[in-house]
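A.B. asks: All chains should be built: construct the whole structure from the sequences, respecting the hints.
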Amino acid sequence: MRYLEILRNSPSVWLTPLVVLFALVVAEPGPSPSGAAAAMTSFLILLCPLVALGAAVESWRFRGILHLPRKRGILTALLPRWVVGIGACVASLVLLVLLRAPISVEWTGPVVVSCLAIVAWCLIGALSGFLLPAVVAWPLCIMGPLVLFTRAAAIPDNRWRHLTAVWFGCCSSNEVIAPSLLTAVAVFWGTICLVAIASLIVLDCRRRTVQVLVGASAAAAIWASTTYALSAAAPFGYAPTVARSSPRVCAQQPSGVRVCVWPEDAAILRDFTATDRAVRSWHSLGVKVPEVFDEGALEVSGTITPVQFDTRYPEYAVSSLATGIAKRSDCQGGVRTPEGELLPDGVDHSQQIKDWLVAQVGAPTIDSSGLGQAPGNQREIPSDPSQAVALINEWLTACRP
Amino acid sequence: MSYMPQVIPALRGLTVEEQVAYCAWLQGVSSSESRRRARLWVKRVGLGDAARQKMRTLSGGQLRRVGLASALATSPQVAILDEPTAGLDPTQQMRFRDMIKSLESEVGSWLIATHDVNEIVDDFDQVLVLASGRVWSGSPSDYLGSVPEGPMRAHRAFIEVTRGM
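Top line first, the protein sequences correspond to chains A and B. Oh and the first sequence: position 273 is 273 in the numbering used here, straight run, nothing missing. Oh and the second sequence: position 63 is 1063 in the numbering used here, straight run, nothing missing.
Be careful, since some hints might not be right.
What the hints assert, rightly or not - Per the computed footprint, the stretches of chain B lying under chain A, defined by three or more beta-carbons under 8 Å from a beta-carbon of chain A, are:
hint	region
1	1002-1013
2	1127-1137
Claimed, not checked - With the Cβ distance kept under 7 Å, some of the chain A side facing chain B (calculated, not the full set):
hint	residue
3	5
4	64
5	69
6	71
7	77
8	206
9	207
10	223
11	226
12	288
The hints are simulated quantities; they were obtained by calculation from the structure and are not laboratory data. All values derive from a computational prediction rather than experimental measurement. Just so it is clear, CB atoms sit at the ideal spot from N, CA and C, and this is done for glycine as well.
C.D. replies: Here it is, written out as structure tokens:
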């Protein structure tokens, strides 16, 4: 009955279905576990004000316990109620991440930070509910997080945005949020939690010196953790990412090429048959197709080639692979001779290479608008097959020193 | 020892039974036992019909009963009641005093703080008067002392006692 009473009376619990419903409507598969988790942190903008408001309402309703005879401390008295509310919100956050990406150690960092932020806002809301009149505390709990999140995202200094733990627009499948930043932001939100807990405990204490001491320590702790988090966030721009270093899943294909993909894309390895057929066709034509396709390779070097896979469109797998191969011709610094000399001529033939490769195997193609180039760099591909292959191979190797 | 405050906070959203159980739990009674005792004491203070009523809908007299039930749900040896009849009309005061009398044997000792000196004469074994930082103690007959019979006798006795302190 007590649990039913808590469920019946917890504002956070009643708000959670709305959050879950909202998330189910907008949930889409993420590019990677870390990317999905980071994208889900944008839900903090919705969750934190709701949690803070729920806690403030709860504290307001139970403000009377400050005047009731008690053997149990204030935290023990209110924790079961908060646990239900916070638990529901955290569970909804984890559910949302799971809807977008499979379980992975890579999403634990952003999710842990998000949970800390949720708990912190809950405690801030609870404290406001006890200390301030409802007419002030409730609007403050709704508007405070909203203003902080939106304002931090709007100002040019990215450090404040990173501090809020909202990283929408992050990350590609080859990136993860920098662990150093995650640690710093976790320290920041963890400090806020501890300070709020200490302040709640002090509500029970009537000694002025203890209150002053805790207040001064709290201010010092918040200042120190904010300074640390801001300094940790300073080296990063808008996207606080580092290269993803987790191991890939690899498989040798019948054509002889070795395909390595991120664990969440392992299904590609099972469905590589059609794509591998295309690789064999290109081999037979004499195209210098790389021996290793590595989804996680960031730079063109040797036989390692960045390959773009998109699991959402398996029918375009050949086109995706051709795009990855063609990227080798994207000579950002100009074409180099085998001796390393920089030539001023043509810089990007990737669109032509990709279209030609796809056409050779009659696969459907997708428009890769990001690979467009200036008309001045276009060259006709000869109709003679051997000349065409020679030109394609020349382009594919042009960038490599 | 348990304590019934002068102002009984109504925890919004809770029913009478839930508040009594919660208050007992706050004072260290286990969760299941507090629920059992709440059911018992809510009936014993005469709120059986209002057990599932929300706290915010209660009258002042009913709130006092909830406070009493909450205090007694911990099975105390000593129960301290702070102004238990303050703000009640005479009928409610009488009922409340009768209820305390009926529950007298449930608690080892009752310590009741009150400004209603008429209560002292009729209901208590021992009287403590606090005034100007001093304490006077004695039996109700000592308290009434040599004050002659007549209207407001208890009040006149109070003036006499405090004058002599």
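A.B. asks: Confirm or reject each hint.
C.D. replies: Against the structure, the hints come out as follows:
no.	hint	in the structure
1	1002-1013	holds (count 9)
2	1127-1137	violated (count 0)
3	5	5 Å, holds
4	64	2 Å, holds
5	69	4 Å, holds
6	71	4 Å, holds
7	77	6 Å, holds
8	206	16 Å, violated
9	207	21 Å, violated
10	223	36 Å, violated
11	226	36 Å, violated
12	288	73 Å, violated
Going down the numbered hints, you'll see the structure goes against 2, 8, 9, 10, 11 and 12, while the others check out.
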